[in-house]
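Enquirer: Next come the chains, spelled out residue by residue.
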Amino acid sequence: MNAILKSPFAWLLKREYWESRRGFLWAQVTTAGVILGITILGIIAGEVFRARMGIDGSVRMGAANLSEMLRSATAHDIGQLVKALDMTLLLFGFIASVVLFFVMFFYLLGALYDDRRDRSILFWKSLPVSDTATVVSKVIAAVVIAPLIAAVVTLAGYIGAQIIMSVWFLAHGVNPFSLLWAHIEPFSLWLHLLAMVPVNAVWALPTVGWLLVWSAAVRSKPFLWAVVIPILAGVLNFWVGLLGLPNIDTRFFWGDLVGRALLSIVPAGWIAPNSVGMHGVDFVNGDQLAAISYSSMAHAFTLPDMWIGAAVGIALIAAAIWFRRWRDEA
Amino acid sequence: MNAAAEAIAERPATPPAAGSETVVQARGLTKRYKNAVALDGADFQVGNGRIVGLIGPNGAGKTTALKAILGLTDFEGDLKVLGMDPRKQRPQLMREVCFIADVATLPRWIRVHEAIDFVAGVHPRFDRAKCERFLSRTKLHANQKVREMSKGMIVQLHLAIVMAIDARLLVLDEPTLGLDILYRKQFYQSLLEDYFDENKTILITTHQVEEVEHILTDLLFIRDGKVALGATMEEMGARFAEVLVNADKIEAARALKPIDERGAVFGKSIFLYDSADPEQLAQLGEVKRPSVSDLFVAIMKGTYA
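Those sequence lines, one after another, are chains A and B.
Using the numbering used here, the first residue of the first sequence is number 1, and each one after it goes up by one.
Using the numbering used here, the first residue of the second sequence is number 1, and each one after it goes up by one.
Incorrect hints may appear among the rest.
[Said to hold, decoys possible] DEER-style ranges, computed between Cβ atoms:
#1 A:V82 to B:Q144: 49 to 55 angstroms
#2 B:L182 to A:V235: 54 to 60 angstroms
#3 B:L182 to A:I38: 52 to 58 angstroms
#4 B:L182 to A:I164: 55 to 61 angstroms
Calculated from the structure, these hints are not laboratory results.
The model shown is predicted, which means the values in this text are computed figures rather than measured ones.
Yeah, the Cβ is synthetic: ideal placement off N, Cα and C, and Gly gets one too.
So here's chain A without its partners, still in its complex pose (with noise of 0.2 angstroms):
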């Protein structure tokens, strides 16, 4: 293990992280905490606005006093309440998600375009660290340790929100450790959140390449390069078949090429083509933790979505090497 953290390569990813950490970290504890500071924003609204209709300071839900409920729950009742905290780490790490695409499309954008901007490239290249380790320690980080560190924070976030209710009950007399500590039990569905981040990472590929080549290959505005030309060609091709020519099938082309270069970074990105495929769950209306089964990421490794979409995805973060190897800064 020492050894391997020793490496060069792990040298090269510490590096990604370093550069990165203010989007891989802090901008992942940043949202949790801004949600947790929420949280206590609301229950002190609430605690005040109580406080002035008088209510009495013990927890009230319904009707019920909330110690008075708790001796009386049935077993639904307990089931209801874990799904609930199970909702919260979904809540968690569902914002994590939408935190982590936008860490990932722009670190992806920048990763090899950022230092031939400022010249930093040939530092680097100064060192005996071959191209293809470079970019392929990038493709890591992105898919590997950003979502680890959001996966971290989302767990985190989770046991600081149950803090916060536990303190909230504590000031109303009830035991926070028989009401809520004792039904939780975050770590399997929270190893069902890592589990997907190999899934999650095989799905992102062509994403990761599609940016990865417009970071390496132009000589400005990356973003413009890869967000523009989908989009343009898609237009282009919808106006095509406007005129009653012949052209791609226009949900194909949105869906497949479009959707899948630009957004299969967004997590779990395959769970709605998976239950095309997946029948007798849905995943959708239905049971939402049974998307996240592990049967259901197995079954995900059935798909051809999954397959050709890595093959394009590594095609590309080939031609990303080649052109971090031979681009003429000239």
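Use these hints to put chain B onto chain A, whose structure you have.
Expert: Quick look at chain B alone, frame taken from chain A:
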């Protein structure tokens, strides 16, 4: 091409007196861009343990030659650097070769300790203790970011890192561009005192010829993508001579086919000779060894015409 350059081009470019082995060997090095030829069949060698100045006007192909040597660009012709092909063996080559291409190229986000940790992590020939010793002489501290440094401080950091790498060949492309005079002097001083030894080779391009003249062992003049002159400083001293001639002897001086003539004070003229007979020259006036910049100007005359 002017007469001087022609006269010189007739002679084969003398390879620098190599040490035990050749560090760079280029034959017919050619690089074409879409609209221009940057290198046009350049031949040159760089011997082990030399400090070579690659000197030429803007657009002569200096930077392209360095990029080819460093494997940063594709080219035609034969080029071996430490016996390796820079196109195919770049990562291996970079273990033995180091370069500074304009000092302001350190990433702005990096901290001093991160830069050191990183280079120590990826470079097998980096001596961390040596680097820290260099840095201890400066005002830099471990947590400082490059974006918070003055240009001179960035130079100090970059130099401390590069000089702690035990490379066989160090390539410097306009290393002191944009630096004030204090740092420029300091730069070359530390290069000589703390870095250079007989197992190392340094290849420098610069416009500030006067600044490097005293440290060079070899000269490579490059013009229009070709090597116009390659010589050691000793050979150059033996071959070229500058004579301050009184007005009455100017005709005699011209008869000896100088490669350059320019006016001086009190009606005197300065003539530059290539391989002239020293005794004949002594009769004309005071003989001196020409400065690299005067030689450069003489050879490059007409380049901008």
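Enquirer: Evaluate each hint against the coordinates.
Expert: The hints, checked one at a time:
Separation of V82 (chain A) from Q144 (chain B) is about 50 angstroms and conforms to the stated range, judged on CB atoms against 49 to 55 angstroms. Roughly 58 angstroms separates the CB atoms of L182 (chain B) and V235 (chain A), a value that falls within the hinted 54 to 60 angstroms. Checked against the given bound of 52 to 58 angstroms, the beta carbons of L182 (chain B) and I38 (chain A), roughly 55 angstroms apart, stay inside it. For the pair L182 (chain B) and I164 (chain A), the beta carbons lie near 58 angstroms from each other, so the given range of 55 to 61 angstroms is met.
Figure legend: structure checked against the earlier numbered hints; every hint is met.
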